[in-house]
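Each chain, letter by letter, is given below.
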Amino acid sequence: MSERIIEYRDALCEAMSEEMRDDKKVFLLGEEVAQYNGAYKISKGMLDEFGPRRVIDTPISESGFSGMAIGAAMRGLRPIVEFMSWSFSLVAADPILNNAAKMLYMSGGQFGCPIVFRGNDGAGGQLGSTHSWCVESLYANVPGLKMAIPYDAYDAKGMLKTAIRDDNPVFFLESERLLSTTGHVPVEEYTVPFGQALVRRQGTDCTIISFGRPLHFCQEAAEELAKEGIACEIIDGRTIRPLDIDTMVASVRKTNTCVVVDQSWSFASVGSEIASQIHRYCFDDLDNFVHRVHSDDVPTPYASNLEQAYLPNTRKICEAVRAATYNS
Amino acid sequence: MPIEITMPRLSDTMEEGTLLQWHKQLGDVVSSGDVLADIETDKATMELQSFDDGIFSEILVQEGEKVEVGKVVAVLTEEDEAPLESTTPEEPANETKVEIQKPEKTGMAISPVARRLADEYGIDLKTIQGSGPSGRVIKRDILQVVDATKETSAAAATTQPDEIIQRTVSEPEVVATTHPIVASGDWRENRSEPLSNMRQVIAKRLVESKQTIPHYQVTMSFDMDPLLDMRKTLNKQLANSGVKLSVNDFLVRCCALAMAEHPAFNASFGGDCIYFHGPVNVGIAIALPEDKGGGLVVGTIRDADQKSLRSISQESVRLGKKARDKGLSLEEMSDTTFTISNLGMFGVEHFTAIINPPNSAILAVGAAIEKPVVRGGELVVGNELSATLSLDHRVIDGAMAARYLKTLKELIENPAALLV
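From first to last, the protein sequence lines stand for chains A and B.
Sequential numbering from 1 applies to the first sequence in the numbering used here.
Sequential numbering from 1 applies to the second sequence in the numbering used here.
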């Protein structure tokens with residue numbers, strides 16, 4: 001395998017382009033995806049290659065173009081819907097939750113909905129509260145959809161290809177803060193299956209479970225904690241639905257302590273769900289209750305210093321791990 | 001701040017309650033969740049629980065008194081604010097002095113994994129001071145005791161053999177084992193050994209059996225008292241004839257005799273037919289000594305249904321000895337129609353065996369064990385033996401297996417019939 005380092009955004013572009021070359025039913029639509037090459041330059045060059053019938057600029061009307069894409073998916077096409085930000089998906093909540101996620105069930109199996117909704121999730125950096133949504137806890141609550149959160153360029157490409165090939169609606173959560181990060185992406189064809197968590201760092205003292213961008217803070221925290229003699233094991237869950245609880249449980253059985261880091265708010269969240277499952281499956285293995293780190297329970301602040309303090313940052317993770325391991 | 005305990009409203013319609021009994025005495029340490037008293041309401045008697053921690057320092061309602069909901073019935077104080085030293089002016093002068101007792105460890109907190117480890121290492125939790133929040137015993141505390149115990153033991157063993165080892169582990173009565181006890185740290189190296197011919201055959205045949213035969217198991221227990229009594233009598237009488245009947249010899253005969261009624265147990269699956277065998281040849285599994293390479297062979301007792309207990313016994317002894325000394329001939333190992341595997345001599349209570357093809361059944365026999373049993377409606381001590389049939393479902397169905405075991409049970413529990 002050749003060593004090739006590319007940006008996360010280019011990995012996403014490769015995944016979409018390769019799948020569009022392989023399958024004529026796949027197409028991309030969203031705001032600015034065609035002539036402007038994508039608001040975040042993810043679809044760069046795609047209009048030139050595939051033409052305006054398969055790379056479609058839409059008006060600013062999430063509810064409308066989501067609904068249109070869902071109709072196309074029901075009739076056998078495989079649309080990729082780009083939300084400039086998942087924050088904007090809220091105006092399309094009815095089609096994506098009520099139609100896409102429930103179509104197979106409500107049509108008694110007559111219509112599937114092989115569709116990918118993708119875009120930036122979470123605080124991008126001083127975008128203010130209404131444009132800094134973390135939708136994972138909100139949407140993961142709904143049955144009938146899959147949810148994937150790639151952390152690096154390798155996963156971005158491999159998981160997006162899996163998402164496009166999946167016959168169910170996939171909510172694909174990227175991060176503006178990760179788009180420019182670089183990583184090894186092989187030239188050769190590969191995919192990353194859903195439902196397989198990845199141990200990103202091995203350790204014996206505390207299991208840290210997270211998804212997406214907060215993994216960056218987890219890595220920093222683990223470095224700092226290593227200096228204090230606390231060896232953290234970091235698990236990247238990769239997909240929330242399906243959730244690979246087995247890998248998480250195996251790790252907690254080893255470390256006996258667990259910190260869940262989830263960038264959504266804490267109440268009724270992905271973090272609370274994982275903590276609940278760990279408590280259930282690891283009850284006799286726990287040396288402390290599962291500690292959780294979330295964004296603070298307020299709307300995302302605009303001020304840079306407040307936004308940094310609000311996120312599940314390195315300091316909060318270190319404090320949680322120390323508390324969970326009785327080292328505070 | 002003193003905490004006032006009031007008469008709670010324990011039901012929707014409760015207006016007043018009778019304090020039946022106090023469960024705490026003055027000076028007792030109270031933790032949240034402790035039952036303070038029994039309260040009788042208009043509907044039932046219920047517990048009055050404390051929602052706070054503190055010292056039980058004042059009783060305002062005596063047992064048997066009826067008071068309305070909301071009235072203060074007792075007072076808790078915090079540990080460091082001893083009521084006797086209180087400077088509160090409204091404190092009655094003639095108040096009984098309350099002796100504050102040292103808080104005892106009640107309902108100690110312990111993390112689940114620490115509890116599990118304590119169980120595994122046999123550590124008495126009462127001896128441990130928890131280092132977690134509010135004195136919670138955590139994993140670290142247990143591992144420290146384990147390490148300390150190891151160190152003390154090691155030190156005692158190497159330098160001070162006479163010194164009594166301070167252990168927190170409660171020691172059961174020690175019996176010297178007949179097996180060497182391996183010291184920790186004596187790791188054996190990884191190695192591989194080529195398969196002997198016998199092991200190759202076992203591996204091949206049993207994998208084939210387990211993969212191609214739809215196995216299932218049926219177990220039954222037998223009252224062994226009559227059979228053991230008879231065996232004792234017979235062995236006494238035969239003492240000078242060089243014959244000693246084993247339990248297994250009886251079982252061989254029982255299984256063989258039962259075939260007359262249950263031919264499917266003496267049969268083989270033939271793909272498009274079932275072969276019912278004429279002769280009843282019972283195989284007995286014989287374990288070979290490990291110093292000779294171990295392994296297992298099945299010796300054949302031919303026409304077992306036609307043989308007396310004595311000739312079964314002699315045949316069985318001969319096969320076992322020959323198998324262990326120089327090995328059985330092909331003739332002595334072939335043509336079985338049913339097999340018995342017995343681990344009773346090791347005290348095994350119950351196990352399941354893999355069918356020895358082309359048989360359609362194998363009986364796995366445990367030990368006759370002395371245990372409390374019900375005989376004629378009374379609990380007495382009796383000997384019970386549990387045996388498990390593994391069966392080829394292509395030949396034998398569950399109800400058939402149950403009927404075969406029922407016949408076996410009749411024969412085993414009424415052993416006189418085995419003599420004729």
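Don't take each hint at face value.
Below are the DMTMM-like pairs computed for lysine to aspartate or glutamate, each with C-alpha atoms no more than 25 Å apart in a straight line [what the hints assert, rightly or not]:
(1) B:Lys-150 x A:Asp-285
(2) B:Lys-307 x B:Glu-413
(3) B:Lys-66 x B:Asp-124
(4) A:Lys-254 x B:Asp-147
(5) B:Lys-150 x A:Asp-205
(6) A:Lys-254 x B:Glu-384
(7) B:Lys-71 x B:Glu-120
(8) B:Lys-126 x B:Asp-34
(9) A:Lys-25 x A:Asp-285
(10) A:Lys-254 x B:Asp-119
(11) B:Lys-66 x B:Asp-119
(12) B:Lys-236 x B:Glu-16
(13) A:Lys-161 x A:Glu-3
(14) B:Lys-126 x A:Glu-189
(15) B:Lys-307 x B:Glu-290
(16) B:Lys-409 x B:Glu-384
(17) B:Lys-409 x B:Asp-397
(18) B:Lys-66 x B:Asp-147
(19) A:Lys-254 x B:Asp-124
(20) B:Lys-126 x A:Asp-285
Simulated from the structure, these hints should not be mistaken for lab results.
Structure-inconsistent hints, enumerated in ascending order = Hint check: 3, 6, 7, 9, 11, 12, 14, 15, 18 fail, others pass.
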